[in-house]
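Based on the hints, put chains B and C in the right spot on chain A.
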Amino acid sequence: MPFVITLLSDFGTRDAFAGVMKGVILGIAPEARLVDLTHEIPAQDVTAGALVLRAAAGFFPAAAIHLAVVDPGVGTARCPLLVVTERGLLVGPDNGLLHPAAAVLGVREIRVLDQPKYFRHPVSQTFHGRDVFAPVAAHLAAGVPPQALGSPVSAMTELPLAAPSREGDELRGEVIYVDRFGNLVTNISAADVASFPAQGLSVSVAGVANVPVVSNYAAVPNGAALAILGSWGLLEIAVREGSATRRLGAQRGTRVDVKIRAVVTRA
Amino acid sequence: MPFVITLLSDFGTRDAFAGVMKGVILGIAPEARLVDLTHEIPAQDVTAGALVLRAAAGFFPAAAIHLAVVDPGVGTARCPLLVVTERGLLVGPDNGLLHPAAAVLGVREIRVLDQPKYFRHPVSQTFHGRDVFAPVAAHLAAGVPPQALGSPVSAMTELPLAAPSREGDELRGEVIYVDRFGNLVTNISAADVASFPAQGLSVSVAGVANVPVVSNYAAVPNGAALAILGSWGLLEIAVREGSATRRLGAQRGTRVDVKIRAVVTRA
Amino acid sequence: MPFVITLLSDFGTRDAFAGVMKGVILGIAPEARLVDLTHEIPAQDVTAGALVLRAAAGFFPAAAIHLAVVDPGVGTARCPLLVVTERGLLVGPDNGLLHPAAAVLGVREIRVLDQPKYFRHPVSQTFHGRDVFAPVAAHLAAGVPPQALGSPVSAMTELPLAAPSREGDELRGEVIYVDRFGNLVTNISAADVASFPAQGLSVSVAGVANVPVVSNYAAVPNGAALAILGSWGLLEIAVREGSATRRLGAQRGTRVDVKIRAVVTRA
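Protein chains in written order, with the working numbering: chain A, 1 to 267; chain B, 1 to 267; chain C, 1 to 267.
One chain only, chain A, in its complex shape (with noise of 0.2 Å):
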């Protein structure tokens, strides 16, 4: 069976960066299939990318290979990386964008990728998803097993993310991505809120909206905001039918609070 390779970038998808990779990758593996996640992340949105990363890795089968580019430090001394997992292989930099998805596959070990002869060359200073990801990723999927293409290291570097904190019956987090619709996804996780009685609770953002956590969009009218546990595993806060960082002003970064509910409202 052909493995399966992903790709996820900041390159976008109107310059062919993301097509150059394929055309490198197609070179050395012909029967790889490519699946590309997003190569919108924002321009050099290293904690973005590993967020997104961390959020689809795991869906794919195990034995695939990710591949992800968000490398504001293309050029310099950072690493490449080649992380294999419990459930998956991951090629990229070692900048903190590789760690969130490594952790959550389940780290088996951490390579850096040091053997030149797997690049494609001359290899520029600017595109290392075209000169070194990608031909490393291409040869895992024709064969090359991860010892020969890097040498084993103790660790990789970990992307500072927040976690929530407790304090008294009060839980604080905050928004740490906007998706495509508007819906703020926070750090409070499934586990986080479970600690809280199923009913009666309620969410501010930014300390002032107050919005009930429902288990359904069609608990809230349309246009009310909402907050529920979404596909990511995490408590989004969304609007029915509408924005939340439009209508709440809410971003990266914004406090988020769960809490018992103070005011019985009509969800």
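Simulated from the structure, these hints should not be mistaken for lab results. Model, not experiment: these values are computed from the prediction. Careful: at least some of the hints might be erroneous.
Just some of the chain A residues that point at chain C, by a computed CB distance under 7 Å [what the hints assert, rightly or not]:
#, residue
1, GLY12
2, LYS22
3, GLY75
4, GLN125
All C-beta atoms in this analysis are idealised placements derived from N, C-alpha and C, irrespective of residue type, glycine included.
Frame of chain A, contents of chains B and C only:
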């Protein structure tokens, strides 16, 4: 020969929702051929999704599986559907999204997806594309027959689409879609136009513009408006090397009338 | 091994034009591997399409078929072309779109697509991507030889691309493309720059900025402008972790001069 699965949604391409669906599909049907129709349907715009699906599905091989998810009612009682047609299978929510394509492809049978063993579990409240529709499309591609996936029903939700009306020597229609070039796609078909003389037709937009019906863009100067039978088989209003929606201030719902041309133009 | 067909167009990704082309291709060549270069070429911008195609095509396997459609003259007398090169086949309109890529790949023969039996019928006036170019690319992938698809011609339409000029110790070029990061790609090649000393070069943009030529982004502080030989093999002006087009107010056509640096900077 591997099955083709097309994907259409309003998920956008920056959050990996589409990528996640592909991961789920490849886990079930590793050989499936995946083709994006588009993920840029405006958020929750069932009508736009239905029209694009109708415009595209017929160009695929008759064995194709068309997975479409524009699903503002996700998590509510709206049914998940499988429609077997003369020229392909349609999978998606029963909210009108599938109906125009089904009508064009020729409905054989309609089934409600009521066999949870073919879903991904736990089924989320917010992402049936991942948990219901993608797994079902994948099982179809992997050889599960339609009758195993759901119970037959007699009808599906239709989309209320405006039809053009004839009034004397005038045909009254409207803009139903604005494409990426700013072309105004109307609900007036080639057959409707065929009831008029082949020459000397003009079109008014919002009652004012006087646009000649021509057979190619070059029939008018750069920057001029024209009406033409477009690639959807419908009358479109365009501006040569420009945008009709901007120039004419027209959008979805804007009235478009076809009539014998009153004023002879240079075209 | 299945043939790779790349697709480049100005169709965007929200209307399914690209998806329809893929449906047509898969109906003729079910095993073809489809890779999007981009569909986000600005509408009817033949020059941008030609430059992106030139930048990307060489990275694909030599048997690849490159289908490119930026076609403001669709429906007029402009010819549909097939160009056989040393490293791949090019299919698209004869309006200059294919010429820069053909020149780089090495032209073997040029053929006018004059065999309607390989088209999709009826051939529309507005969408030769679907009715002419996609079917021809698919037939090539399915094994039809170039000579069956069209008659040889001696020349193709060239694209008027500005070339840099040398004036004393100064090289005068211009911005030919602005990429998604806001980097300014110039028409000044690595070979042009090689005629200068390796150290102490600077670049002026629109006659004013004084930008050092460096070998990696990290040579300047965050937010500073730099010039670098980019992944296209051309001199690019960038702003480290920023946008050069916004910072320098430059766009396609803006003059860029390379000279021995007059003022020593900290870089």
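Tested hints:
1. GLY12: This interface hint holds because 4 Å falls under the 7 Å limit.
2. LYS22: holds, 5 Å
3. GLY75: It holds, given that the least Cβ distance between GLY75 (chain A) and chain C is near 3 Å, below 7 Å.
4. GLN125: holds, 4 Å
Comparing the model with each earlier hint shows no violations; every hint is respected.
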